[in-house]
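Colleague: So you can see what is in the structure, the chains are spelled out below.
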Amino acid sequence: MKHFRSIDEAGPQAIRRLLDLADHMAEVNRRPNPKVPALRGKTVCNVFFEDSTRTRLSFETAAKRLSADTMNFAVSSSSVNKGESLRDTIETIAAMGVDAFVIRHKSSGVPWQVAQWTDASVINAGDGWHSHPTQALLDCYTIRTSLGRSESFEGLRIAIVGDIKHSRVARSDVRAFTMLGADVTLVAPRTLLPPVTDVPVVTTLDDIIEDLDVIYLLRMQHERMTESLVPSLREYTTRFGLTAERAARLPEHALIMHPGPMNRGVEMAVDPSELPGSVITQQVTNGIAVRMAVLFDLLGSGSNLEENE
Amino acid sequence: MTDSKQVLGPDDVRRAVTRMAHEIIERNHGLEGVALIGLQRGGVWLAESLGVEIARIDHEIPVGSIDASLYRDDIGLRPVSPASVSEVNFAIDGSTVVLVDDVLYTGRTVKAALDAITDYGRPAAVQLAVLVDRGHRELPIRPDYVGKNLPTSATEEVVATVDGVVIS
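In order, the protein sequences belong to chains V and D. All residue numbers for the first sequence refer to this note's numbering, where the first residue is 1 and numbers rise by one. All residue numbers for the second sequence refer to this note's numbering, where the first residue is 1001 and numbers rise by one.
I should point out that these hints are in silico values taken from the structure, not numbers from a laboratory. Be aware that one or more of the hints could be misleading.
Unchecked claim - Here are some of the chain D residues that sit facing chain V, going by a computed Cβ distance under 8 Å:
| no. | residue |
| --- | --- |
| 1 | Asp1067 |
| 2 | Leu1070 |
| 3 | Tyr1071 |
| 4 | Ile1075 |
| 5 | Gly1076 |
| 6 | Leu1077 |
| 7 | Arg1078 |
| 8 | Pro1079 |
| 9 | Val1080 |
| 10 | Ser1081 |
| 11 | Pro1082 |
| 12 | Ser1086 |
| 13 | Asp1115 |
| 14 | Asp1119 |
| 15 | Tyr1120 |
As the list claims (entries may be wrong) - Stretch-level coverage of chain V by chain D, calculated; a stretch enters the list once three of its residues show a Cβ under 8 Å from a Cβ in chain D:
| no. | segment |
| --- | --- |
| 16 | 35-48 |
| 17 | 286-300 |
Unchecked claim - Take a look, some chain D residues computed to stay more than 10 Å from chain V by CB distance:
| no. | residue |
| --- | --- |
| 18 | Asp1003 |
| 19 | Lys1005 |
| 20 | Ile1057 |
| 21 | Leu1150 |
| 22 | Ser1153 |
| 23 | Gly1164 |
All values derive from a computational prediction rather than experimental measurement. Backbone N, C-alpha and C fix where the C-beta goes; we use that ideal spot for every residue, glycine too.
Starting from the given sequences, assemble the full structure and let the hints guide the process.
Modeller: Structural data, given as structure tokens:
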């Protein structure tokens, strides 16, 4: 694999390979000295055109645990503010010798564009509303390890709740979860659903909450209220938030997930640390392992050599 | 490839394992602090067999396995796919680790394994047990316990399992 830009582009075989590889990386992370020399001499550049602390730190930690060198390109202090084009920015950094770009951008498709301008591998760390494949990978890995589903998600009932329409996380998760065999249902007010979708949709969380294996809450952005997509955040919480009453109706084994950052009191109307099913911190921990798996697969596994032969 | 020759049979392998188990106990004056670590993939069955044999002769000792593929010096030069996840569920510090592999060839896998072991702790000593030493070393590494020395040419392939050793 040369790039990791979307779940569909990678395909089921690569997704399973990456999840298996993440087991190895998680073992590295559990050691007293969580570092291996696998990517010595490789350079990974984080290029984040959109604010993100956790994803950038997660990628940076992942690269460092594999002994790769990291560069961070902060847009706010760069020539982008002096009017430099995206292409010039990428070509300039590439000229310094970079093996992989980790890119986040507010426009969909930027990772594909960037790949045309450089020989380096491109990893999509979120492009517009389109895709956030490493998030989907860490979500799959978390479900797989927490529910002991290493073979497939066949028969798992997963609800993704919230602002599906504007969420690249939801889009990538739907693809990844269904690819592994899960039954995914989208739960949201009509205004926050995409116009077309090939998975079932419900508009009342209470109808299905007792049958779920996983409830995945999305961040409810305050802007959606000013855009009049929801009448008020309080009403949103009443109908779609995870309240103590709703949490009590979840099956005992059900997982509660959130990509972060959380809006306490909105989609998460209960303290998740009091919910035994909450795997939100494991998601963050697993994020490092799956990103190590992606970096190693692209830069170290030699799988490119196989494809060239 | 058509020309394959069985060098050791299953009984030969069993006898070699028994002898190596005795040698490990003898060399270490008992089993105080001794642990076996098999190298993924080929060394794992041998480490387990040695563990069973040592337990039969004397008493049980810890047996683990490590995957050294993230430590190899040829990463990016050839396809690497890690095998099973490493399992070292005992303290390495101060112990005598016997690394176990099926076939010793260039020594590069053993070098990678030595680097990997260091990340788990600081053993008092590391020893090396292999079922087959086929020569062609590229690094200054020598085994402490050998099932069989087998002169080979670099074009030949050696496969060592519990069912025997085949050269082709």
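Colleague: Sort out which numbered hints this structure fails and list those numbers smallest first.
Modeller: none
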